[in-house]
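Colleague: For the record, the sequence lines run as chains F and R. Mind the numbering: the first sequence is residues 1 to 328 in this note's numbering, read in order. Mind the numbering: the second sequence is residues 1 to 328 in this note's numbering, read in order.
Don't read these hints as lab results, they were simulated from the structure. Where a beta carbon is used, it is the ideal one built from N, C-alpha and C, also for glycine. If a hint is listed, it holds; no wrong ones were tucked in.
Simulated restraints on C-beta separations:
(1) F:A254 x R:S320: 50 to 60 Å
(2) F:K273 x R:L258: 16 to 26 Å
(3) F:R268 x R:D79: 51 to 61 Å
(4) R:A69 x F:D192: 19 to 29 Å
(5) R:E42 x F:R257: 45 to 55 Å
(6) R:D121 x F:K196: 26 to 36 Å
(7) F:D192 x R:G92: 42 to 52 Å
(8) R:T323 x F:T323: 57 to 67 Å
(9) F:H56 x R:L258: 47 to 57 Å
(10) R:D67 x F:D192: 23 to 33 Å
(11) R:T132 x F:V262: 23 to 33 Å
Covered, in the sense of this in silico footprint (three residues per stretch, anywhere, with C-beta under 8 Å from a C-beta of chain R), are these stretches of chain F:
(12) 187-193
(13) 209-221
(14) 243-256
(15) 262-272
2 protein chains.
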Amino acid sequence: MIIALDVMGGDRVPRESVAGAVQAAKELGMQIALVGPRNLIEDELARHAPVPEGLHIVDAAQVIGMDEAPAQAVRQKRDAGINVAMRLLKDGGAAGIVSAGNTGAVVAAALLNLGRLPGIDRPAISAFFPSTEKGVLILDVGANANCKPSYLVQFAHMGATYVERIFGVQRPRVGLLNIGEEEMKGNDLAQDVFEKLQKSNLNFVGNVEAKDIAAGIVDVVVTDGFTGNVTVKVSEALLEFLFTRIKTAIMSKAHYRLAALVLRDAFRDVRRKLDYSESGGAPLLGVNGIVIVAHGRSDAYAFRNALRTARDAASSGLLSALTAVPKK
Amino acid sequence: MIIALDVMGGDRVPRESVAGAVQAAKELGMQIALVGPRNLIEDELARHAPVPEGLHIVDAAQVIGMDEAPAQAVRQKRDAGINVAMRLLKDGGAAGIVSAGNTGAVVAAALLNLGRLPGIDRPAISAFFPSTEKGVLILDVGANANCKPSYLVQFAHMGATYVERIFGVQRPRVGLLNIGEEEMKGNDLAQDVFEKLQKSNLNFVGNVEAKDIAAGIVDVVVTDGFTGNVTVKVSEALLEFLFTRIKTAIMSKAHYRLAALVLRDAFRDVRRKLDYSESGGAPLLGVNGIVIVAHGRSDAYAFRNALRTARDAASSGLLSALTAVPKK
Numbered sequence: 001m002i003i004a005l006d007v008m009g010g011d012r013v014p015r016e017s018v019a020g021a022v023q024a025a026k027e028l029g030m031q032i033a034l035v036g037p038r039n040l041i042e043d044e045l046a047r048h049a050p051v052p053e054g055l056h057i058v059d060a061a062q063v064i065g066m067d068e069a070p071a072q073a074v075r076q077k078r079d080a081g082i083n084v085a086m087r088l089l090k091d092g093g094a095a096g097i098v099s100a101g102n103t104g105a106v107v108a109a110a111l112l113n114l115g116r117l118p119g120i121d122r123p124a125i126s127a128f129f130p131s132t133e134k135g136v137l138i139l140d141v142g143a144n145a146n147c148k149p150s151y152l153v154q155f156a157h158m159g160a161t162y163v164e165r166i167f168g169v170q171r172p173r174v175g176l177l178n179i180g181e182e183e184m185k186g187n188d189l190a191q192d193v194f195e196k197l198q199k200s201n202l203n204f205v206g207n208v209e210a211k212d213i214a215a216g217i218v219d220v221v222v223t224d225g226f227t228g229n230v231t232v233k234v235s236e237a238l239l240e241f242l243f244t245r246i247k248t249a250i251m252s253k254a255h256y257r258l259a260a261l262v263l264r265d266a267f268r269d270v271r272r273k274l275d276y277s278e279s280g281g282a283p284l285l286g287v288n289g290i291v292i293v294a295h296g297r298s299d300a301y302a303f304r305n306a307l308r309t310a311r312d313a314a315s316s317g318l319l320s321a322l323t324a325v326p327k328k
Numbered sequence: 001m002i003i004a005l006d007v008m009g010g011d012r013v014p015r016e017s018v019a020g021a022v023q024a025a026k027e028l029g030m031q032i033a034l035v036g037p038r039n040l041i042e043d044e045l046a047r048h049a050p051v052p053e054g055l056h057i058v059d060a061a062q063v064i065g066m067d068e069a070p071a072q073a074v075r076q077k078r079d080a081g082i083n084v085a086m087r088l089l090k091d092g093g094a095a096g097i098v099s100a101g102n103t104g105a106v107v108a109a110a111l112l113n114l115g116r117l118p119g120i121d122r123p124a125i126s127a128f129f130p131s132t133e134k135g136v137l138i139l140d141v142g143a144n145a146n147c148k149p150s151y152l153v154q155f156a157h158m159g160a161t162y163v164e165r166i167f168g169v170q171r172p173r174v175g176l177l178n179i180g181e182e183e184m185k186g187n188d189l190a191q192d193v194f195e196k197l198q199k200s201n202l203n204f205v206g207n208v209e210a211k212d213i214a215a216g217i218v219d220v221v222v223t224d225g226f227t228g229n230v231t232v233k234v235s236e237a238l239l240e241f242l243f244t245r246i247k248t249a250i251m252s253k254a255h256y257r258l259a260a261l262v263l264r265d266a267f268r269d270v271r272r273k274l275d276y277s278e279s280g281g282a283p284l285l286g287v288n289g290i291v292i293v294a295h296g297r298s299d300a301y302a303f304r305n306a307l308r309t310a311r312d313a314a315s316s317g318l319l320s321a322l323t324a325v326p327k328k
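One chain only, chain F, in its complex shape (with noise of 0.2 Å):
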């Protein structure tokens, strides 16, 4: 099995991106097809010589410049390497796709190369959000803007299959992210929502609000794409924002520093647990392949980690459970 990677794809690639595929060769025994610039991928690699096996460039020459609207590019850019690495696993020369990507474009070439799954009417951005357990999956986190419930419904059966597949979740809890004040349970669209999720043969839990998710009481978060976009964006601004605020009041005094050296692995564990390279990505849900997204700011072990996800997802069986799913 080949997992198609987007080696340009990401805030620092290629360096990243290829040391990515690398360790997932050497150490996961993974094939690989580095979907790039070819030179660019051969200079890269030549840094990790020996090369390992399983790592095979499929040259995709043009490359989406940051000034361009990513988007748009990838219509215009028939062989970016998105798109280069789609038609891969359209054509069943791959059977997941990994892109740390602008994930509108990612969105984009997804919609433009393979198409929806079967009576999905829109494709869903999937993200982890913190919680005591292992994260919890929330979506849509940005692809629609605006939502019908029925959208929400299929996120719901989407993100629990997803859950189930790939962590063994059996009956995976489904929560609605809701407000919580009291005659006012939610805007219009979470209302709604509600009464179609109740209605449906899924394991919901109800209206969960963040202290529930990050308590880790579901395993699957729906809500529409500009909440969803919101609460992903806050998360990570204010966790960037705390270390911060600690880092410097720690820096202010010579015995603060001290100290601080010696929680430093304390400190480390906090934030790994935290950090998005450990999920290893999160998949893109509603179109006809698997294709994990990984964090922008991916490092070489963010995307090992992602291409690693992209593998078991697409060896799961995931695909045609997904198909399977009820649409209404």
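Chain F is fixed; fit chain R onto it per the hints.
Modeller: Same frame as chain F, but now just chain R:
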């Protein structure tokens, strides 16, 4: 000038609310009407002998129980503290109110007793979001799950007026909470509000994401009450989650615990700067009176600061400034 305190509103009352009023009277020389059951207030005051000048008891016999639906209870129990305090405000017996009670109840009581400001369609609950500077006012965070574009424009005007009057910020920078994905500049609501804010006479800086708010590039952020509530809840849950994680990691080894002792003050500083108790509550804007909503978990110090905020707001001419803001 007298500020009314809803003594029984909050999680740690009447102990902390009365203690906060005592602090405000003693340290800030404030005049405070303690509104609640007379006997309970007297018992608490006895703990602070000699009681400082400036504290007045206004008996409110009815108490809203933990098991009651707050907003409904407000309508049924006309002699609940929050209603008595609002009537005091309306009749000129107080210049402002502080409550740490359920926000749904506070909003209901304000609408019931004070009504809206002329031309304002909906009141908005505000909150402070952490930032590199002193915190950013975000509204609505829960009064209106469904919003029309015009509501958000009114929120923007009211928020800017508040920040200008209370913090002396000239031409406050206003941002619209939105998502950054390309080719999807937010949902329909955000797109519509964006255009309206551009045409306003506000200092509108455009769309902002959480990282922009944290970086302090705006003074006021507007959003609908659903998204705003999720944002605030996510922030709270995540900070709580992270501090718990750090604590657990530190307690796991003896030498970590020793090092953490040294860092205790540094941590306390970081936490305090993020703490609701420093901000001293946030205004309910759009009702015909100065209403400061304090955090449900407020301690004495938080109540003291909220009382000070109410006094500052009342003496700043905020209400007449709010009455003068454009409504479209």
